[in-house]
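Okay, so the sequence shown: first residue is 0 according to numbering that gives the first Met the number 0, each after it adds one.
Don't take each hint at face value.
Below, computed lysine to aspartate or glutamate pairings styled on EDC-like, alpha-carbon distance capped at 16 Å [said to hold, decoys possible]: (1) K486 to E451; (2) K388 to D38; (3) K523 to E557; (4) K612 to D583; (5) K512 to E544; (6) K108 to E232; (7) K80 to D45; (8) K388 to D297; (9) K507 to E473; (10) K525 to E557; (11) K556 to D533; (12) K523 to D533.
No wet-lab data here; the hints were simulated from the structure.
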Amino acid sequence: MKRLSLHHRSRRIFLGIVSIVSFGIILYSNILNAPFILDDYSAIVDSEAVKNISQSLVNISSNRYLTSLSFAFNYAVGGLKPFGYHLINNSIHIFNALLVYCLVVLTFKTPFFTSRLTPHASRHFFIAFSSAFIFIAHPIQTQAVTYIAQRATSMAAMFYLLSLVMYIKWRLSAEQQTSRAADQQNNRAAEQQSRSKTTTALLLYCASLFSAILVMKTKEIAFTLPVVIALYEFSFFNKTAASQYTTSNLRRFLYLLPILLTLLIIPLSMLNLTAPVETITQDINIQSRETVNITRTDYLLTQFRVIVTYLRLLIMPVNQSLDYSYPVYHSFFDLQVFLSFLFLLSIFGLAVYLFYISRITHHTLRLTAFGIFWFFITLSVESSVIPIKDVIFEHRIYLPSIGFFIASLSFIEYFIRRQKVKIVAIVIIVAILSIATFNRNLQWNDPQALWENVLVKFPNNVRAHNDLGVIFKEQEEYDRALISFEKVLEINPNYFPAYYNIGDIKYKLGHYKSAVTYFIEVLKLKPSYHFHLDTLNSLAITYSEMGDNENAVSTFKEAIKLFPSSVMLYNNLGRQYIKMGNFDSAIEILKKGLEIREEPHLRSNLSIAYAAKEQRNKNAEQIKN
0 MKRLSLHHRS RRIFLGIVSI VSFGIILYSN ILNAPFILDD YSAIVDSEAV KNISQSLVNI
60 SSNRYLTSLS FAFNYAVGGL KPFGYHLINN SIHIFNALLV YCLVVLTFKT PFFTSRLTPH
120 ASRHFFIAFS SAFIFIAHPI QTQAVTYIAQ RATSMAAMFY LLSLVMYIKW RLSAEQQTSR
180 AADQQNNRAA EQQSRSKTTT ALLLYCASLF SAILVMKTKE IAFTLPVVIA LYEFSFFNKT
240 AASQYTTSNL RRFLYLLPIL LTLLIIPLSM LNLTAPVETI TQDINIQSRE TVNITRTDYL
300 LTQFRVIVTY LRLLIMPVNQ SLDYSYPVYH SFFDLQVFLS FLFLLSIFGL AVYLFYISRI
360 THHTLRLTAF GIFWFFITLS VESSVIPIKD VIFEHRIYLP SIGFFIASLS FIEYFIRRQK
420 VKIVAIVIIV AILSIATFNR NLQWNDPQAL WENVLVKFPN NVRAHNDLGV IFKEQEEYDR
480 ALISFEKVLE INPNYFPAYY NIGDIKYKLG HYKSAVTYFI EVLKLKPSYH FHLDTLNSLA
540 ITYSEMGDNE NAVSTFKEAI KLFPSSVMLY NNLGRQYIKM GNFDSAIEIL KKGLEIREEP
600 HLRSNLSIAY AAKEQRNKNA EQIKN
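Using the sequences and the hints, build the whole thing.
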C-alpha cells in the first residue's frame, strides 16, 4: 500500500512537472522572434564584449559577468538572431517555475511543519503547483523574460532559488543523518549507508554555496540571498518540542558563515580596497547609485509609492507599461507617500504577527509570513536608498513576486478548506493571467505598438517619443521621426539622444552643416558612454563628407583618446587617411586596431591601404623614369 502511494505521488509529481514545462513553452511561444529593443542594443547588439567571447570570459570582475557571458555564447552560436536569446530566456523562466515548486514542497518537509502538521499531500501540491503556475503565467513577468537584456534578472533568480533549494535539501539530509545516528552505531551496513548520505549531503551544501557565488556574479540583487537563507534557517529549521535532535545556534552559524561571506563578492568587485580610506568612501558613494539626479532620501520616499504600485500590478495587472512616467516625491508628509508607508508598514506588521502566532497555532501561516518577508527583502536592493535613474521597472518585481505568490496561496490554503473551490479558482486565475501574458507578448513583437502603448498611458513620456522616432528613422520615415524628436525636445530640452537622432537624420539627408550643429549640441550636454562614442564618430564622418579633413582627423583622434579600445574608430580613421592619400598613417592606425582585435573590415582596409601605397609608388617610379 505504501509502495502504491509512493508510485501515485511520483506520478503526480512527474505529470505536474511536465504540465509546468509544457505550459511555459506554449505561453511564451509567440515571442521567440520578437526583435531587440531598448537596452538590448547596448547590452548585446552594440557590445564589443558580447561579440568577442574571449573578452567576456576574462572580464570576471564585472558583477554581471555571467549575464554578459551568456549573451556572448548566444552570439557565438546564432549571431544577432533574436530567436536563440529568447529561447534561453524562456527556458530560464520555466526552470525558475520548477524551482518555485521545489521550494514549497521541500518547505513542508522541514522540522517546523513535520513536527506540527499531519502530512497532507494535497495541501503541499496545491500551494506548490499553484505558485509555479501563477509565477509562470503572470504578465508582470513578461518584462524580465521577453525583454532580452533583462536576462540578468531571471538568471539571478535562477541561481538564487537554486542556492536556497540546495541548502534546504542539505539541511533536510543533515537532520535525517543526525536523528538516525544513535540507531546506526552498531550496524556496519547502516554505517556505510550513512557515509554515502553524508557525502551526498556535502555535495548539496557545496552546490548551494557554488550557486550563491554564481548569483553574486549575475546581478546585484543577489546581495540579499544570505539574508533570505538565514531567515529560512531560523523560520523552518527551528527547535521544536517534537524534535529530539536539534541544531545548536553555533552550528547554524557555522553552516551559514560561508554563504554569508559571499556577500563580500559584490563590494570586492566594485571597490579598490588598496586605495586610501577617503577614496574607498567616495567609491562606495559612487558605486551605490546609478544617478545623481535623485537624492537617496527622495528615491526612498518615492519607492514607498512604487512598491504599492508593484503590489497593485501583482494583484491586478492592468495598464502595464514598458516605461512609466513616475513622479519623484520629496516629502515624507506628502499624503500619497505617508499613506503608502503606513500601508506597507501594516503588511510588514501582519507578517510579524503571523510569524508569532504560527509558533502556537495556524502553522501554515508561517509560510505566509516568510513570503511577505521575502518580498520586502528581495526588493530592498532596488527599492531603498540606492538611486536608480528609472524609479520603477516591472522586471524588478520578478524575484520578489515569488514571495508574494507563496504568501498569498498559503494564506488562501489556510482559510479555504474546500479543495474543489480552490482548484477552480486557481484555474480561472491562471487562465486570465495567461491570456493577459499572451496579449502582452504580442505587443513585444511590435516595438512601434509597444511604444505607442506607453504614450497612450503617458503622453509626455520622453523615452517613448524618442524610441518611436528611432523606429520611424529606421523605416526612413524621416518626417515622422523628426516630429517625434522635436516633441522630445519640447518636453525636455536637455535630452541628448534626441539631438543625436536629429543630427543623424540631417546627415542622411545631406544637410551636413545642420548635422554638425546637432552633434556638437550632444557633446555639450555630456552624453553617456555609448552616445559620446557614437556622436564623436558621427561628427568626424560628417566633417569628412563636408571635405573638412582636418576636423575629421582631429575628431577621430580625440575619440580614440577617450575610447582607445574601439576598433570602429581605428577603422574609420584609417579610411579617412586612405581618402586623404595618407597611406602610411592609414597603415599605422589600422595595424593598431588589429592589435586590439582581429576584424575583417580592418584587415580589408589595411589591404586597400597597402595596395594604394604600392600603386602610388609605381606611378611615381614611372613618372621618374
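Against the structure, the hints come out as follows:
1. K486 to E451: Holds, because 14 Å separates the two Cα atoms, which is no more than 16 Å.
2. K388 to D38: Cα-Cα ~14 Å, so holds.
3. K523 to E557: This hinted pair holds, its Cα atoms lying about 15 Å apart.
4. K612 to D583: With Cα atoms ~8 Å apart, K612 and D583 stay inside 16 Å; holds.
5. K512 to E544: Roughly 10 Å separates the two Cα atoms, so the pair holds.
6. K108 to E232: Holds. K108 to E232 sits at ~13 Å (cutoff 16 Å).
7. K80 to D45: Holds, at roughly 14 Å.
8. K388 to D297: holds, 12 Å
9. K507 to E473: holds, 11 Å
10. K525 to E557: holds, 15 Å
11. K556 to D533: Given that 16 Å is the threshold and the Cα spacing comes to 14 Å, the pair holds.
12. K523 to D533: holds, 14 Å
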